[in-house]
Structures are given as C-alpha cells and as structure tokens.
Amino acid sequence: MTRATVDAEAVRRALATVRDPELDEPLVELGFIQEAAVEDGRIRIRLRLPTFWCAPNFAFLMASDVVGALRPLPGVERVEVELVDHAFSEEINRALAAGGGFDAAFPGETEGSLEELRRLFLRKALLRRRGALLRALAAAGFDEQEAASLRLADASDPALLHALAGARGELARYLELRARLGLPDDPAQPLFPAVEGGPSRLRVLESSLAFNTEWCAALLRTRYGVPHA
Amino acid sequence: MYRTAEGEEIFVVDGHVHFWDASPANQANRYGKGFIDCFYDYHRNLSPAERIWPREKFLEYDAETMARDLFAEGCVDVAILQPTRLRDFFVRGFNTVERNAVIKELYPDRFILNGSFDPRDGEAGLEALEAAKERYGIRGVKLYTAEWRGSSRGYKLTDAWAYRYLEKCRELGIRNIHVHKGPTIWPLDRDAFDVADVDHAASDFPELNFIVEHVGLPRLEDFCWIATQEPNVYGGLAVAMPFVRARPLYFARVMAELLFWLGPDRLLFASDYAIWEPRWILDAFMAFQLPEAIVEETGVTLDLAVKRKILGQNAARLYDLDFAAGRSALPGRRRGADGAEGEA
Chain C
5 MTRATVDAEA
15 VRRALATVRD
25 PELDEPLVEL
35 GFIQEAAVED
45 GRIRIRLRLP
55 TFWCAPNFAF
65 LMASDVVGAL
75 RPLPGVERVE
85 VELVDHAFSE
95 EINRALAAGG
105 GFDAAFPGET
115 EGSLEELRRL
125 FLRKALLRRR
135 GALLRALAAA
145 GFDEQEAASL
155 RLADASDPAL
165 LHALAGARGE
175 LARYLELRAR
185 LGLPDDPAQP
195 LFPAVEGGPS
205 RLRVLESSLA
215 FNTEWCAALL
225 RTRYGVPHA
Chain E
197 MYRTAEGEEI
207 FVVDGHVHFW
217 DASPANQANR
227 YGKGFIDCFY
237 DYHRNLSPAE
247 RIWPREKFLE
257 YDAETMARDL
267 FAEGCVDVAI
277 LQPTRLRDFF
287 VRGFNTVERN
297 AVIKELYPDR
307 FILNGSFDPR
317 DGEAGLEALE
327 AAKERYGIRG
337 VKLYTAEWRG
347 SSRGYKLTDA
357 WAYRYLEKCR
367 ELGIRNIHVH
377 KGPTIWPLDR
387 DAFDVADVDH
397 AASDFPELNF
407 IVEHVGLPRL
417 EDFCWIATQE
427 PNVYGGLAVA
437 MPFVRARPLY
447 FARVMAELLF
457 WLGPDRLLFA
467 SDYAIWEPRW
477 ILDAFMAFQL
487 PEAIVEETGV
497 TLDLAVKRKI
507 LGQNAARLYD
517 LDFAAGRSAL
527 PGRRRGADGA
537 EGEA
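As given, the protein sequences belong to chains C and E, one line each in that order.
If you read the first sequence in this note's numbering, its first letter stands for residue 5, the second for the next number, and so on.
If you read the second sequence in this note's numbering, its first letter stands for residue 197, the second for the next number, and so on.
By construction, these hints were calculated from the structure, which means they are not laboratory data.
Mixed in with the good hints, there may be bad ones.
To be verified - Stretch-level coverage of chain E by chain C, calculated; a stretch enters the list once three of its residues show a Cβ under 8 Å from a Cβ in chain C:
# : stretch
1 : 228-239
2 : 276-290
3 : 317-328
4 : 453-459
5 : 504-513
To be verified - The calculated EDC-like cross-link candidates involving lysine to aspartate or glutamate, where the alpha carbons are at most 16 Å apart (straight line), are:
#  : chain 1 : residue 1 : chain 2 : residue 2
6  : E       : K329      : E       : D387
7  : E       : K352      : C       : D89
8  : E       : K229      : C       : E113
9  : E       : K364      : E       : D305
10 : E       : K352      : E       : D305
11 : E       : K229      : E       : E256
We put the beta carbon where it would ideally sit given N, CA and C, even for glycine.
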C-alpha cells in the first residue's frame, strides 16, 4: 500500500489562510507560526503568541483553526499543534491532543462554544474593511450617496474595481467575510449598508485594530528577539 | 511642573503608577513570573534604548529611585498609586495598598494613595474598604476585574456584590473608580476585554467617576462608544501614552479618536511607572502634533490648552488638587524623606 505524500507547498498555502480571529490577519504574516514540520503524514506546528497572557479563547481558536485547515489535505494523517510559552499552554495542548473543544480545555469555565465570540470578531473585521473601502472610494471621488447606492452586484463592476485599485485585497476579504457571516447574497443588496454611528464608528474601529495589530507584532518581536521588519 | 522649551509651566498628574515587588522571592508561581516578564517586554519595546532598565532593577526598585524618576527627573507634581493585589501570583501581593502606603508616607504630598476592592471578599471586604478609607483617606479605588482568586477567573462590575461595593464607595465618598480589564475572565469563551459592564455601572452610579484604564485598549472602539453616552466615564492613558515616541502615527490615531468621542476634559495622562518613565513620555508628548490629515478627518484639536487638561487639570478636578495656584500650592515638595526631590 502506498501513501500519498504530503505536499509541503499545499501545507504552506493552507497555513497562510489561517487568521488571528481578533486582528483578522494571517498567523504566518503576524509571525505566530514558530515552526511547521512535515514528516510523512504527520504535521507538527508550533504556535507562539506576543504575550504569556494573550486571551486563551483566541489562542484556542487559532490552534484549532490550524488543525482545521491542514487536516483535510491529501495524505495528512495527523496534525499536532503545540501552543508554546503561554499561561494556558498545558490546558490547551491537552485538549487539542485529545481532539476536544474549548470547553474540554477549561471544564466548567465556559458557557458555550466559541462561535459567538468568533462571529463578534468576524463582524468587527467586516466593518473595519468596510471603513477602509469607503475611505478609498471617497479618495476616488465617490460622494457618500454614491457609495451608499452601490449594490453587491457592483463589486465586480470594472469602474468600481478601478476606483478600488489600491484596496483590492480589502475588497476581496470584505466579500469573503460577508459570505463567511452568511449575509444575504442577493446581488441587489447594498454593498455597504449603513451602521449605527456612521463613518466615525467605522473609523474608530479601524484605528483600534491598527493599534492592536501593531502592538501585537511589536511585542512578538521583542519577546522572541526578532529584528524589526 | 513640566517646563516647555518656551518656558510655559505645566502641572502634571501621573494618573497611574506602581510601587511593585516582583522579585523572584515574591513570585508565587509561573504566573507571577509570566506577569512581570510580560511587563518587561512592554518596557523594552517602547522605552528609548537609553532608558531600558536591567531586568533585575525592573523586578524590584526602591522608593528613592521611584521618587527621583517621577518627581525630580520626571517633572511630575502628583502621582496616583494604583494597587494591583495579585495574591494568587505573588506571595505578598504585587503592588498592594499596604506597600504603596510606605512610599506615600515618605512623600506624603506627592502621592495619592488609592485603595482597591474585590467583590468576592463579601462582607469582610466591605469592612476592609471602610477601614482603608478611615486609615488612608482614600478617594479612589483601582479594580482589576480579571484577577484570579482560587478557581475564580475574575468578576464583572455588574455582579450583585460589585454593586454593593460601589454603593459603599458612594457612601464613603470614594468617588473615583479606576477599572482595568484583563485577558482572563469567566466565562472564558466571551470577550474578556468587554467594557459593557462599565457602561451599566456608570449609568447606575452617576455620582461616581469611572476611569477606564488603558482607554479600554484593546477595545478602544467599544470604550469610545460607551464613553460618549456616559458623562462620568473617563479614559486613563496608561499604555497608549508611550506610543507617542516610538509609534507616533498609531498614537495620533488613538488620541484623535479619544478627543473626537470623549473630548479634552475626560482624559488622564499616565506613565504606568515602572513600566515606563514619565520624563521621556512628557518630552515626546509636548513636542507632538497631530498630523494635518488626521486633524482634517476628525476635526479635533490637540494644542497646549488641551495638553494641560490631559496632563494635569482633568485629574486635579477628580481628586480636588489645586493646580491653578501653581507649584507653591503643592506643600511638601521639599519634604521628601531623603531630600531626593528639590524645588530646583
């Protein structure tokens, strides 16, 4: 019997899709993947975070998302993720090894699953992208009314894509997040629905996430002695 | 008083300082070590290279060092001691009221001593709070809602017992409630940094001031949103402040948001000493200007008058300090026990 060998490039690509649930940036780019080793059908990942105290719920989501992204790849028999240097390394690693959920890592300390928390932050990620896209549109000469009248179908309109040339990545992620959250996909839906608090609310969310992302990246560099990019 | 290059004198209240003991002998377990290691990374990351302390000094420093860094070098007029007990992590606690009282005793006119409470202490804690008011005359408390206690991982301000403590604060005239959120709190599957409980408490206790430490970071957006709706919610600038030098653009964005949502009257300067020293932060902040594009986008102003408010006047209002009469109105400047501090 021959076993399919695991394609290292496929592992790299799959790993690149896993994001920090709070910052909505790829773990690889944030420097959180300390090591990825492929050995026959077994993949070992070492996950490191900016501080000893990073919130355990987010840490668990990252670790289990890594497993979820790599496990379906052809030839993969086992994915072992080890969270290192963390206050809850032991609890989280034990639960991961046993294939258990967050409640298995912290029996009696949770009320449900992490899905509600995940949705809350996917929603923030979505709004942050919306803010960035609206700013890009304003810079391209769209007034507020024009931006508000855009429909989902317009997302593939060449004129719009041209206006958002500098924000293509944001747009792609925005549409991905819409789908991930199960928002209505009828082409007549507004592309950028209004939010309570208006553009200022989107702006403060962007400022906050930008600050947090920078602080996390900086602390990781300090903690692990990685030179500044 | 901080003196600007133009000779302006500015009254400075450092709203968040610590006199901690994180020495190996006091670390109870790996959590204690993890706690101070995390602080040291904060310190190393944002301090100017020449102001980075050796690890050993960072673990435990003496009263003279602290007084010099704050008052002589730091140009701080008054500093507020914010206790953090952490008795599950440190044998004698990390930065307790009792330990802070020692340095307060040495420099009585330069420190404000804040107390603390933990709603999980029940009736006994209510009595202890009353005793602390009696003994130290405290006018504020610092709460760390993510503090561990045996199998408990923190509490919320909206817990029934927390309300009894807030009621007691109102009764005793302890008006300033400093709230610090942390990464672990029951239930662990929720957002640990959620500030919604502050929103409820601030509505239910309009006579109390709620100073959210670290301006709600990492949830600046939620903090700003509740603070616009609750006039008795303030932002403590510890952790945000040192970004002014190392990462000024991020600082600019945060500061612009705070001025936009809260205005200039509800923000309090803080160094978070000994994580960072106040002097270099003050120098950088006084030299700092918001980038034109941000001013245009948000419409806010950060001029000398606003800086004066943030650096001292706002805190002076909360703690009844007389800033208008200037430095001579600060008795005891020369009374430091070791003479470390002078009028110069």
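Going through the hints against the structure:
1. Residues of the stretch 228-239 of chain E with a Cβ under 8 Å from some Cβ of chain C number 6, which satisfies the need for three, so the listed coverage holds.
2. For a cut-off of 8 Å, the count of residues in the stretch 276-290 of chain E with a CB near a CB of chain C stands at 0, and the three-residue condition is violated.
3. Counting residues of the stretch 317-328 of chain E whose beta carbon lies closer than 8 Å to any beta carbon of chain C gives 0, which falls short of the minimum of three for the stated coverage.
4. Residues of the stretch 453-459 of chain E lying with their CB closer than 8 Å to a CB of chain C number 3, which satisfies the three-residue condition for coverage.
5. Beta-carbon proximity to chain C at under 8 Å applies to 0 residues in the stretch 504-513 of chain E; the threshold of 3 is not reached and the given coverage is violated.
6. Pair hint K329 (chain E) plus D387 (chain E) does not hold up; C-alpha atoms about 33 Å apart against a cutoff of 16 Å.
7. Restraint check for K352 (chain E) and D89 (chain C): not satisfied, since their Cα atoms lie roughly 28 Å apart, outside the 16 Å limit.
8. Taking the CA atoms of K229 (chain E) and E113 (chain C), the gap is about 24 Å. The hint is violated against a cut of 16 Å.
9. Distance check on the hinted pair: K364 (chain E) and D305 (chain E) sit about 27 Å apart at the alpha-carbon level, beyond 16 Å; violated.
10. Restraint check: the Cα-Cα separation between K352 (chain E) and D305 (chain E) comes to about 34 Å, which exceeds 16 Å; the hinted pair is violated.
11. Taking the CA atoms of K229 (chain E) and E256 (chain E), the gap is near 13 Å; set against the 16 Å cutoff, the hint holds.
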